[in-house]
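Protein chains in written order, with our numbering: chain B, 1 to 166; chain H, 167 to 407.
Source of the hints: derived by calculation from the structure; they are not laboratory data. Beta carbons: idealized from backbone N, C-alpha and C, even for Gly. Any given hint could turn out to be false.
As the list claims (entries may be wrong) - Derived DEER-like restraints, expressed as beta-carbon distance ranges:
1. Ala156(B) <-> Gly215(H): 45 to 51 Å
2. Arg72(B) <-> Ser309(H): 56 to 62 Å
3. Ser73(B) <-> Ala219(H): 27 to 33 Å
4. Glu193(H) <-> Ala156(B): 39 to 45 Å
5. Pro198(H) <-> Glu96(B): 24 to 30 Å
6. Glu152(B) <-> Lys236(H): 41 to 47 Å
7. Glu152(B) <-> Thr313(H): 23 to 29 Å
8. Ile68(B) <-> Pro198(H): 31 to 37 Å
9. Ala156(B) <-> Asp197(H): 22 to 28 Å
10. Leu53(B) <-> Asp393(H): 32 to 38 Å
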Amino acid sequence: MSVEQVRHHIVELLPRLRRFARTIARNVHDADDLVQFAIERALLKHEQWRPELKFDGWMFGIMRNAWIDEVRSRARRDRIFAPEEAGVTVGHDGSESQVRLLAVQRAVAELPEEQRLAVGLVLVEGLSYKEAAEVLDVPIGTLTSRLARGRETLQAILSDRPGERS
Amino acid sequence: MKFPPETLMAYADGELDAETRRAIEDEMAIDPQLAQEIERHRAMRAEVGGAFAGVLDEPVPDRLLRAAKKAAPQSPATQVEPRRQWTWREWGSIAASLLIGVLAGRAMLQEPDTGRGLVVARVDGRVIAGGALAQALSEQLSSQDGTAIDIGLSFRAKSGEYCRTFGARSASPIVGFACRDAEVWRVDMLSTAPRAEPGGNYRMASTQLPAPVVQAIAERMQGEALDADEEAIARQRRWRE
């Protein structure tokens, strides 16, 4: 596959790569570092992508590996739980739905990594269980149990703290 | 009927087959708690999805656009890139030695039970099939289902010898072809294959040949692939020309 085709697909996919990164990396800066790193890796190994592979799954797999191998260790730990870094830029009008939205983002950020990846791929990126299992390189049963535990944990965090954190 | 929690979750995510789906829907009609549980999963999905939806509307930082557009960084990986233009002959010497160098340390080239190598590099530079692979190449017909090795097709090379394509079933399948060389099978090409689906079809994965392998076979093959009768006869003659 030509590197130009891969570039083209990457540019098209950038918003979703950033979104998936945001579920993994817990703050905007680390998330974009992760995307950048994954882009560089994908361009290096562009020959490995074949049209029969879904491009998003291929890129997510690269991101997951890049996160585990490289970026995670460099992530700025001191920023992890800083609320203003926690997620999507939203207006700070303090409305109930905005507060809830930030609470959900923070709850995702608190999930153990394996659960966070499963939640990010299926609930945020909308991959099927099969596709998500392939990205994570685990059997479907493992994926579903991580996803189920992730949902339970989120439920527990959010019902504990329905709106804001004191 | 009682459904495991993960099945309810899978229902909410649209992951179930029609039959299980119907069974759950029948049960939901009479069990409001079940319906509630599923609704909870759906609400969670919508809420988590919604919490990150805003990222899609953010402007993409310039540095990421630049990263996607700039020349691919140079590295040893890119320097061996013009691979597609290599002829099979180069593949024979480069691919086999290189890939074996790369793969030899990994379990996929060894039989899981015995740990014996499926391919063995000889000092003279030839790469020879060993263990279950050698046995399958000699004995197994294309139509037969092997346990560890699948044979795809058999053909005569332009240089006269018999060759056979194979795939080793494993989580990371290896495919390639080997040609008869006196009393052994010389592995002329090896490649990794598309991965098998999780829990899935290893045979499929071990019979899908990547384009460079197909190309190399096309260059080597004389006439058509052997049919079942011709193959059986060739086996009887122990693959001698």
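Hint check results:
{"no.": "1", "hint": "Ala156(B) <-> Gly215(H): 45 to 51 Å", "result": "violated (19 Å)"}
{"no.": "2", "hint": "Arg72(B) <-> Ser309(H): 56 to 62 Å", "result": "violated (49 Å)"}
{"no.": "3", "hint": "Ser73(B) <-> Ala219(H): 27 to 33 Å", "result": "holds (29 Å)"}
{"no.": "4", "hint": "Glu193(H) <-> Ala156(B): 39 to 45 Å", "result": "violated (26 Å)"}
{"no.": "5", "hint": "Pro198(H) <-> Glu96(B): 24 to 30 Å", "result": "holds (28 Å)"}
{"no.": "6", "hint": "Glu152(B) <-> Lys236(H): 41 to 47 Å", "result": "holds (43 Å)"}
{"no.": "7", "hint": "Glu152(B) <-> Thr313(H): 23 to 29 Å", "result": "violated (40 Å)"}
{"no.": "8", "hint": "Ile68(B) <-> Pro198(H): 31 to 37 Å", "result": "violated (43 Å)"}
{"no.": "9", "hint": "Ala156(B) <-> Asp197(H): 22 to 28 Å", "result": "holds (24 Å)"}
{"no.": "10", "hint": "Leu53(B) <-> Asp393(H): 32 to 38 Å", "result": "holds (33 Å)"}
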